[in-house]
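> Next come the chains, spelled out residue by residue.
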Amino acid sequence: MGKDIREDIAWAHINQDVLKSLENPRPLFWVIVFVALMMFGVGVGCEVYQYQMGMGVAGLNNPNVWGLYIATFIFWIGMSHSGTLLSAILHLMHADWRKPIYRFAEAMTTFSLMTAGLFVMVHLGRLWQFYYAVPYPNERWTWPNFQSPLLWDAMAIFTYLSSSVIFLYVGSIPDFAICRDNIHPGWRKNLYTLLALGWEGTDRQWRNFRVTYLTVACFLIPLAVSVHSIVASDFAMSQQPGWHVTSFPPYFVAGALYSGCAAIITLFIILRYVFKFEEYMTMPILKKTVRLTFAIAMVWTYLNLIEFASVWYSHDEVAKAVLIDKATGRFAPFWWAMNFCGSVVPFTMMVKRWQTSIPIMFAVSLLLNLGMWLERWMIVTPTFSHGYYPWTMDTHYWPSLVQWGIVFGSFGWFTLLFMVFCKIVPSVSMYEVKEMVYHRSLATKKAELGLEGGH
Amino acid sequence: MSKRHMLALYNNFDEAEAVVRELRNSEIKGFNAADDLVVKSPIEHPEVEEFLGHKPVNVQWFTLIGALSGGLLAFFLIAGSQANFYSQMKGGKPIVPFPPDFVLTYEMFILGGVYITVLGFLICAGLPARRSPLYSAKVSTDQIGLLVRVDDNSAATLRSIFTKHQALEIQEEAGK
Amino acid sequence: MSVSNLLENWSKFRHTHPVGDKGHPDWEAYPSEIKWAMSIDLDACTGCNACSVACYAENNLPVVGKEKYSHGQAMHWMRIERYWDEDKREVPNQGAQFLPMLCQQCEAAPCETVCPVGATNHTEDGLNSQIYNRCIGSRYCSANCPYKVRYFNWYDYPTTENVWPAPMEQQLNPDLTVRGKGVMEKCTFCKQRTYTARNNAKTEGRKIHDGDVQTACQQACPTNAISFGNLFDPESRVAKQWEQQQVELIKEEQEKDVKPGNNLRGYRIFEELRPYPSVMYLERVRESDV
Amino acid sequence: MIENGFNRRDFLKVLGWGGTAVALSGCGNTSIENGKETVVSYVEPTDYQIPSIGVYYNSTCAQCDAGCNIEGRVREGRVLKLEGNPASSINRGKMCGLGQAGVQAHYNPDRVTEPLLRAGTTTENITWEKALATINDKLNGLKGEEIAFLTGGVSGHVKVLLKNYLDVLGSKNHYAYEAVSPAVVRASNKKAYGVEMPRLHLDKAKVIVSFGADFLGAWVSPVHFSQQYAQFRKGNRPEGRGVLVQIESKMTLTGANADRWIPIRPGTEGILAMGIINALGVGVPADVAAAARDYTTDRVSKDTGVSAEQILGLTELLKARSPSLVLAGSAAEGYSHGSQNAAAIALLNQVLGNVGKTMDAPANVQFAQLTPTTGNSLALNDLNDVMAMGKLKVLFSYGVNPVYTAPDCLKLKDNLNKVPFKVALAHYLDETAMEADLVLPLDSALEDWGSSVPEYMPEPQLSIQQPLMENLYPNTRGVGDILLALLKQRHADQYKAYEDFYSYLRGAFVQNKAALGGAGADDDAFWNETLGKAMVKLPGTAGSLSGKPTVAGLSLPATKASEGAYPLRLIPSVSPSQRDGRHANLSWLQESPDPLTTVVWDSWVEIHPKTAAKLGIVEGDIVEVTSLSGSIKSQAYLFPGIHPDAVSMPLGYGHEAMGRYAKGTGANVFKILDPLFDKETGELAINETNVRISKTGKRVVIVKEEGPNGGSQLGRPKIAVKVSSDKVDLSKEV
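Chains as they are written, first to last, in numbering that gives the first Met the number 0: chain A, 0 to 454; chain B, 0 to 175; chain C, 0 to 289; chain D, 0 to 733.
Treat the hints as calculated values from the structure; they're not laboratory data. Since we're looking at a predicted model, the values are computed, not measured. Check before you lean on any hint, since a few could be wrong.
As the list claims (entries may be wrong) - Simulated DEER-style distance windows between Cβ atoms:
1) D:E469 / C:E254: 54 to 62 Å
2) D:V699 / A:W311: 33 to 41 Å
3) B:Q59 / A:A442: 24 to 32 Å
4) A:P283 / D:R698: 39 to 47 Å
5) A:S161 / B:S1: 20 to 28 Å
6) C:E251 / D:R698: 42 to 50 Å
7) A:A308 / D:A319: 21 to 29 Å
8) C:N262 / A:P221: 56 to 64 Å
9) A:G44 / D:K632: 35 to 43 Å
10) D:V617 / C:K65: 15 to 23 Å
11) D:E469 / C:K87: 54 to 62 Å
12) C:E251 / A:Y272: 58 to 66 Å
Virtual Cβ for every residue (Gly too), placed ideally from N, Cα, C.
All chains should be modelled from the sequences, with the hints used to inform the complete structure.
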C-alpha cells in the first residue's frame with residue numbers, strides 16, 4: 000500500500016518534478032510516438048482509400064449502413080466524460096484527491112472528443128461536403144435540418160469540445176506561468192509566456208479565476224450529460240428495434256462515465272510509470288478512482304439490466320427478437336464478452352488488495368474499456384443486422400479491414416495527441432497539488448491544535 | 000511625488016497575512032492598502048480575500064448575459080431559418096418544431112455561457128497583461144509576494160514593516 | 000432570409016402534410032391537390048421481376064455485379080421479395096408469396112426528420128424526396144427506415160468497371176441524374192414522370208387525370224398488379240381502391256382492422272409504426288376449396 | 000480510377016445542349032471543359048428529334064419468340080427505354096424484364112462490330128465486300144446439299160428471303176433449331192386438336208390445371224398469358240376468382256403463384272392425368288374410360304406420389320367448376336415418353352369439355368410464307384448427323400448458339416469442325432461464333448428492319464421491327480440486308496429494285512397493301528401509317544379445332560425405379576430471364592434475382608431439404624452433378640419447391656464466351672444432358688437425365704437477394720399477407 004502525497008513536500012519540489020516531465024523525452028517516449036504515428040498512418044491510409052473508392056470498401060451494406068465508425072465514435076465520446084467528471088463534478092464537491100489527476104483526465108476529454116469528431120467525418124459518404132451540416136448563412140440559402148439528432152450531436156460535440164478546450168486552458172494558465180518562470184529561454188519559454196497571458200498570481204487574477212473556473216465547471220456538468228444523452232438520442236429517437244428505448248440516455252451517460260474512468264485508470268498507471276509521478280499519483284488516489292469506477296460500473300450494470308428488462312417486458316416483439324439475437328446470434332460472443340467485461344470484471348475492484356495493485360488494475364481497466372467498446376458495437380450492429388424487416392436482415396456482415404484499420408488508427412491518433420500534450424502541458428496540475436498539500440497540512444495542523452486544546 | 004513599487008516575498012501565508020494586516024491598519028502616507036497592495040501567490044487561497052478585505056467579482060454577469068444571449072440567438076436563428084426554408088417540409092412534423100429546437104437552444108445556452116464567461120474572466124482579471132516589472136519566479140513556486148505601490152518617502156517605512164515580518168527578499172523599483 | 004418569407008412560413012407553422020386522404024378540409028386553399036399513392040395487388044403479382052428491370056431502365060440504376068451484390072450493396076429500388084409459408088408445411092403447396100418492396104413514400108417518414116442536412120424532405124405532392132446534391136452520406140435515413148428501401152452509393156458506379164461500359168452509358172435516362180458515390184437514393188415514384196405530367200397538365204390548364212402518369216414499374220407490370228395515381232382525386236383508380244378497402248392514409252390502425260370479420264384485403268406494411276405509408280398492398284388470396 | 004469506363008463526356012456528346020442542364024445536375028465533377036470534342040447544338044433539329052423531349056417509335060420485341068409489340072422511347076437520337084405498345088393484342092402495353100433488357104442487347108459493350116475472318120488461329124477484321132466475296136467463293140461449285148442454314152424460329156420477310164436464298168443455292172437444308180421449345184406439345188396439340196398452338200382463354204377458365212406449363216414465366220407468350228391470368232384472378236368477373244393448380248416436379252414461377260402446387264414424381268404427369276380421367280367417372284367417353292380404367296386412384300397415387308385425397312379433391316374441383324383449362328408444359332413433355340404425357344393431358348382437357356370454351360383455334364393466316372417456322376431440338380440432331388458424316392461444306396448459323404446449347408454427348412463441336420467453312424451471323428462472339436470461320440456482325444434488334452408473325456397471337460397480325468436509332472457501329476448489318484446481298488450475288492437482276500432490305504420490306508408491304516388493310520391508300524401514306532403502328536392485321540379465316548378425345552396410340556410407361564448410380568432426376572429449369580442462355584450477357588438480367596431462389600449472377604442446384612439432409616448437403620455447398628454424359632459443379636440451394644427425387648438447375652448460365660457478363664457465370668446444364676429423346680418427335684428429352692450429387696467439400700455463401708431468414712417473415716404481422724378466399728369478398732373490388 001503506497002503512501003499518499005506527503006504533506007511536507009516542498010512546493011519547489013513539486014515544480015521540479017512536474018517540469019521534469021516536460022523536458023528531455025526518454026527513449027520510451029519516442030518509441031510510443033513512433034508506434035502511435037505508425038498506427039495513425041494506417042488509419043490515414045485506410046481513410047484515403049475509402050475516400051477515393053467510396054464507403055463500400057468499408058464493407059458496409061444496405062441494412063448495415065453504420066458500422067464500427069459510429070460504434071467507435073460513441074466510444075470516444077464516452078471516454079471524454081470522465082475528464083469532466085473529475086474536474087467539474089469533483090471540483091464542485093471539493094474532492095481534493097482529484098487534483099493531481101484531473102489535468103490529464105481533462106486532456107483525455109479533449110483528445111477523445113477530437114478523435115470522436117474524426118469518426119463523424121470518416122463516416123460521411125461525401126466527406127468533401129461536410130460543411131453542409133454546419134449552420135451558417137450561405138449562398139445556397141439552405142440550412143441543415145435542425146430536427147436531426149445528428150445535428151444536435153454535431154452541435155453538442157462542438158460545444159463540448161470547445162468548452163473542454165477552454166476549461167483545460169483556463170485551468171492551466173497558472174501552470175503555464177510556472178513553466179514560463181522555470182524553463183530555459185528559448186521557443187518553449189516564449190510559448191509559455193504567450194500561453195500564460197501574463198499571469199502573475201495576483202489576488203485579482205486568482206479571485207476571478209476561481210469564479211470562472213467554478214462557473215465553467217457548473218456549465219460542463221449538464222453539458223456532459225446532455226452530450227451523451229444526445230448521442231443516445233441518435234439511437235433512441237429513431238424507430239429501430241433495440242434502439243427505441245427510453246432508458247438509453249442515462250444508460251449512455253453511465254457507460255460514458257464508466258469507460259472514461261476506466262481510461263483514467265489506464266492513463267494514470269501509464270503516466271505514473273513513464274513520468275515517475277509516484278509521489279503525486281499515489282495509491283490512495285488510485286484506490287479512490289477505482290472505487291468510483293466500481294460504483295459507476297454498478298450503475299451501468301443496473302441500467303444495462305434495465306434496458307434488457309424493459310425490452311423483455313415490453314410488447315415489442317421485434318425489439319425482443321433483437322435482444323435474443325444479441326444473446327444467441329452471430330454476435331453473441333461479443334455480447335457476452337461485453338457483459339462479462341462490463342459487469343463481472345469490475346467485481347475484482349471489490350478486493351481491497353487489488354484496488355492498489357498496479358498490474359491487476361491495469362489489466363482490469365483495459366478489460367473494462369474493451370467491454371465498453373464492445374457495448375457500443377453491440378448497440379449499433381445487431382440492430383442493423385436484425386432490424387424490423389426480415390427480408391433485409393444480414394447476418395453475414397463483418398466490418399472490412401478498412402474499418403478496422405481506421406479504428407486502429409484512431410488509437411494512434413489519440414496516443415499521438417496525448418504524447419504531444421504531455422510534453423507541452425504539465426500533466427499534473429502543479430498549483431492545485433500545492434493547494435491540496437497546503438490545505439491538508441492546514442487541516443492537520445488544526446487537528447493537532449484541536450487535540451492539544453482538548454475539550 | 001514619485002511612486003515606487005516594492006515587492007516583498009514571504010515564505011507562507013501567515014507571515015504575508017500579518018504584513019497585510021499591519022499595512023491595512025497603519026497609516027502610511029501615499030499608500031492605500033485597498034488600491035496599492037497586490038498579493039501574489041502560487042496558489043489560490045481564499046483567506047487572501049479575507050485579509051485583503053472584500054473585492055467584488057463580476058464574472059457572473061458575463062455568464063448570465065452570455066448564456067441568455069446564446070440561448071436566444073440559437074432559438075431565433077434556428078426557428079428563423081426553418082421558417083425561411085419552407086422546402087424542408089417533414090412529413091408529420093411542423094415546420095418549426097419546438098422539442099428539437101429546445102435541444103439546440105440548450106446547447107447554445109451553454110456555449111454562450113462558457114464563451115462569455117471566459118471572456119469576462121479575461122476582462123475582469125485584466126488578461127492578457129504585461130508583466131509587472133517587479134516579479135519573482137519564486138511566486139509561482141512557493142513564496143507569497145506582496146507588491147506595493149508607495150510614495151518614495153514612505154518606502155523606508157514599508158521596508159521596515161516587511162523586514163519585521165521576516166521578508167525573504169525585498170525588491171524595489173523606482174516608480175513612474 | 001426575408002422577413003415576409005419568414006412570417007408567411009411561420010404562419011404555416013403547423014404541418015401541411017400529412018392531411019387526410021379524403022382531401023384537405025380547405026381543398027381550394029391547399030397548395031397541392033396531389034397526393035401520389037400506390038396500391039399493389041399481391042394476388043395479381045406473379046413475382047416476374049419485370050417491374051424491377053423497368054426500374055433499372057428508367058432510373059439509371061447501376062448493376063453492381065456479383066461481388067458487390069454479395070456484400071449487400073445491390074441498388075434495386077424495386078425489389079421482389081419471395082416468402083414461404085411459415086406453418087411448417089412439408090411442401091409449399093400454396094406456392095410462394097411475392098412482395099414488391101419499394102420506398103413507401105411515407106407521409107410521416109422516419110427518414111425525413113433525421114437527415115442532418117435536410118436532403119430528404121416531403122414534397123407538396125406527398126412524396127419523400129431525396130436531394131442528391133444535398134446529401135452528405137450520413138446514412139441516418141437508411142438507418143431509420145423500417146423497410147430498408149434506401150440504397151446508398153457505396154462506390155462511384157459511373158466510373159466503376161462494367162457498370163456502364165461504353166456504349167451502355169448511352170442508355171442512361173437524361174431526365175434524371177446518374178448518382179455519384181456517397182449519396183443515398185431510393186424510389187421516387189418516377190419523379191421525372193410525375194413532374195412532366197404535372198407540367199403538361201399545368202400547360203393545358205387542367206388538373207391531372209388518372210392515367211396521365213404511369214410509373215415505370217406500373218407500366219411494365221404484365222398483370223396490372225400495380226396501380227398508381229392521385230389519392231386526392233376521387234376518380235383515380237388508386238383512390239377508389241383505398242376507399243373500397245377502407246384504408247385511410249393518416250391512421251396507424253384502420254378502423255376495419257379493429258372490427259373482426261371484415262372481408263377486405265387492403266393493408267399497409269408496418270402501419271403500426273405510424274409512418275403513414277403511401278403504398279397499400281392487397282393481400283394475396285389463396286383458394287380455400289382445394 | 001478505372002480508365003475507359005463511363006465517360007460523362009461521351010454521355011453528353013450525343014445530347015446537344017438541350018439535355019446538358021439535366022444531365023449535369025448530378026454529383027461529382029461535372030466539368031465539360033476539359034474535353035476536346037465539340038458539342039453540337041440542334042440549330043435545325045431533325046424531325047422528331049426534339050431536344051429533351053422523348054419520342055416513341057413502335058417496333059417489335061425480338062428478345063423471345065412471343066413477339067410482343069413495343070414502343071421505344073427515343074431522345075436526342077438514342078433509344079432509352081422499351082415499353083409495351085398499348086395497342087397490341089399480345090402484350091397490351093406491358094412488358095417483361097427480358098424484353099426491357101432489349102436496350103442492353105443493343106448497347107451491349109461486347110457486340111461484334113466488324114466482320115471477322117478466321118484463318119488458322121488468327122482473326123482479322125475484314126470489309127463487308129471481302130466477307131461477302133469470301134462467302135461467294137466458298138459457295139461456288141457446291142451442291143445444294145453441301146450447304147445448310149441453321150437458324151432459330153424465323154418468320155416474316157427474313158424467312159422469305161432465307162427460303163429464296165436456299166432455293167437459289169438449291170439447298171433444302173434449313174434447320175430451325177430451338178434448344179428450349181414446346182415442340183412436343185405442338186406435336187401433341189396437332190394430334191389432339193388439329194393445330195399446333197390453340198388459342199387459350201385463361202381469363203375464361205374457372206380452374207386451370209397446368210402440368211408444368213410455366214405460362215407466367217417462360218412458356219410461349221408469358222406477357223400475354225400474364226394479362227389473361229390477371230383477368231382470371233379477378234374476383235369481380237362473372238366466373239369468380241379462378242383457381243390455379245400447378246402440377247410439376249420443380250416449382251416454376253407459375254407454380255409459385257398457384258393455389259395448389261402439387262409436386263409430382265418426375266415423368267408421371269400422364270399417369271396423373273389418366274388417374275383424374277378415371278376418377279371423373281361421368282361424362283367420359285366409353286373408350287377413354289376404358290383406357291383409363293387401369294389408372295385407379297391408389298395406383299396413380301403410388302406412381303405419382305400425389306396423395307389419393309389430392310387426386311380426388313382435384314377431380315371434384317374440376318367437376319364442380321367448369322369450364323376449366325388443362326395445359327401441358329415443358330415439365331411434362333421433357334421425357335422420352337413426353338408425347339404420351341402430353342397426349343394424356345390433352346385428353347383430360349378434352350374430356351372436361353374445355354375445347355371451344357377456354358381453348359379455340361387460331362385463325363388461318365393468309366400469307367403462309369410469312370408464318371413462323373418454329374424451331375425444335377430435333378433439327379440440331381439432324382444437322383449434327385449430317386455434319387458428322389462430313390457432308391456439309393458451308394454452314395450458316397443465325398440466331399442460335401448450338402455450341403453452347405448442345406449436350407456434350409452430341410459431340411457437336413467436333414462435328415462442326417468437319418464443316419470447312421462456317422459463317423456465323425452474330426451479335427456477340429458467342430461459343431458458336433468463336434468456332435466460325437467468318438463472323439458477320441448483325442445490327443441489334445433496335446437497329447434492324449424486319450417483320451414477324453408471332454407463333455402465338457390472339458389476332459392474326461404482322462409485326463414490324465423498325466430501327467429505333469441509327470446504327471451504333473457503322474459496320475454492322477441487318478440480317479435481311481445480308482440475305483439480300485447474298486441473293487444479289489446470285490440473282491442481281493431479280494433484286495436490283497431493292498437497294499436494301501428496307502426498300503424490299505417497304506415494297507413487300509406496299510404491294511400487298513390491299514390485303515393489309517390499306518386498300519386504296521397512297522403508298523407513302525399506307526407505309527407511314529403502318530410504320531407508325533408497327534403492326535398490321537393479317538387477313539385470316541376463323542379456324543376450328545378438330546379431333547375428339549381418343550386414346551389411340553396412348554401408352555404410358557410404368558414408372559422407373561430410381562437407378563442406383565444416378566438416383567436423382569435432373570430437371571433443367573428455364574428461367575424467365577435467362578431462357579436458353581441467349582441473353583446471358585445482359586447485366587440487368589444477371590442482376591435480376593431468380594424469382595424463386597433469388598440467386599443472382601450464378602447458377603445453382605435446387606435440392607429438396609430432405610434429399611439434401613440425406614446427402615449431408617447444406618446451402619452453399621459446391622456440389623458436383625454427374626450424369627452419364629458428364630459432370631458440372633455448382634452451389635447447392637435448398638429449395639422446398641422441388642420433388643425429393645429431383646434436382647434442378649437453371650439453363651442459360653456457364654457461357655465460355657459471349658461477353659463480360661456471360662462468360663464464366665455459373666455452369667452450363669446443357670452439357671451434361673444424356674442423349675435421350677422423345678420417342679415420337681425425336682426431341683431431346685430434357686428432363687430425362689439422371690444424375691448423382693456429390694459434395695466437393697467446398698462451400699460458398701450464395702449470392703442472392705433473399706436474406707438469411709430464407710424467406711421467412713419471422714412471424715411479423717402484415718408483411719406479405721395471404722388470405723383464404725372464403726375470408727375475403729372480392730366481388731366489390733375496384
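> I'd like to know which numbered hints this structure contradicts. Please list them from smallest to largest.
Violated: hints 4, 5 and 7.
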